[in-house]
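K.L.:
These protein sequences, in sequence, are chains F and A. Note that the numbering used here has the first sequence beginning at 1, numbered continuously upward. Note that the numbering used here has the second sequence beginning at 1, numbered continuously upward.
In case anyone wonders, no lab produced these hints; they're calculated from the structure. Some hints could be false.
To be verified - The list that follows gives simulated cross-link-like pairs (lysine-lysine, DSS-like), each with its CA atoms no further than 27 Å apart:
#: 1; chain 1: A; residue 1: Lys30; chain 2: A; residue 2: Lys181
#: 2; chain 1: F; residue 1: Lys30; chain 2: A; residue 2: Lys181
#: 3; chain 1: F; residue 1: Lys181; chain 2: A; residue 2: Lys57
#: 4; chain 1: A; residue 1: Lys57; chain 2: A; residue 2: Lys30
#: 5; chain 1: F; residue 1: Lys30; chain 2: A; residue 2: Lys57
Protein chains: 2
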Amino acid sequence: MAASEKPHDDAREIQRLNILSGARSVFARKGWSATMADIAEAANVSQGLAYRYFPSKEAIYAELLDRASHLEAFENVRTMGGSAMDKLRYLINELLDINDTHIELFRLSVLTLHDDALPAALRAELEEQTEAFRSLLQSLIAEGQQTGVIAPGNPQQLLVALLAFLNGLCIMGIQGSENAKRHFPDADIVLRILQPPANS
Amino acid sequence: MAASEKPHDDAREIQRLNILSGARSVFARKGWSATMADIAEAANVSQGLAYRYFPSKEAIYAELLDRASHLEAFENVRTMGGSAMDKLRYLINELLDINDTHIELFRLSVLTLHDDALPAALRAELEEQTEAFRSLLQSLIAEGQQTGVIAPGNPQQLLVALLAFLNGLCIMGIQGSENAKRHFPDADIVLRILQPPANS
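Chain F with its partners taken away, still in its complex shape:
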């Protein structure tokens, strides 16, 4: 083993994940203006220690983005069976689980996407991921309209409505009142906007 390589170390890996988790939480709340001091505080470590794991907040953010692009849920939805509505239900339930981390990653993306201060390389990566997510939802809406499980009508309008709803729910799940979290809606309420009208 070369001298520059560090031996694998469980405690080190756990601390690394702890700092990433703190960072995910503060980026999801403060956006790009979150500082290394905020991240260290959220991870309950000193700033000095945080810097021993990551050279900068840019490096932490880049790793969070990379992890977001490899989420199991995205892979699962591409390979699972079922109707377009089943796939959307699965995806939205994963995304809106307020005890899981997807909701923070989603909020982090939306919050930093329009911040001019975000470095260009990170923005390019974020835009690519945002576009992939949009395009996944778009193809599921198209598939669902074709098979009749999703309401007819302008698919772009349905997509904008769905994205807006998810965006608003992520904000509510992270920054909403305790009451909002206690009565947090599930995927079924979200999917009502896509349901075909009753034949009456």
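Starting from the structure of chain F, add chain A where the hints point.
P.N.:
This is chain A only, laid out in the frame that chain F set:
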């Protein structure tokens, strides 16, 4: 007329409204961090001129809040006839008109509500208005569930869903892409989340 009173002057009133309008737009985009320089730029006047109309951004914000509390739409919805669903449709159509100012006032409220830097007196007024809006929606949901035009189920969950959806749409209407604005959803899509399930 006392020397301290200014004679009524149409041009002066128009300039005043112009500055308020610029301020509404920048507060809706930047939140409380918007500065007098931003406001002056949005209103296309010099900072010096803006200060001759308003002593501070706090004064401008206070007047915007005051105007928001007297919106005709709120008065109309309290006096109009029709079902709870009709009233919600009217209210949401007013709110989501991306060519009107309500959407900016709504976004301004949501964006500044959780900013610790907002002065306490303004926060108290904002919280009162936010609570009045919540409580109006809540009473319409209760009325609609009682008369059967709104889906049964946890009314708090429907309220959280509706608020989240409106919040997400206001963001999209103000900061979304041109494509999102071109395909902006209307109140009917929003109200699908409240519709009773089809009897199938």
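K.L.:
For every hint, state whether the structure bears it out.
P.N.:
Here is what the structure says about each hint:
no., hint, verdict
1, A:Lys30 x A:Lys181, "19 Å, holds"
2, F:Lys30 x A:Lys181, "26 Å, holds"
3, F:Lys181 x A:Lys57, "33 Å, violated"
4, A:Lys57 x A:Lys30, "13 Å, holds"
5, F:Lys30 x A:Lys57, "23 Å, holds"
Checked against the numbered hints above, the structure violates only hint 3.
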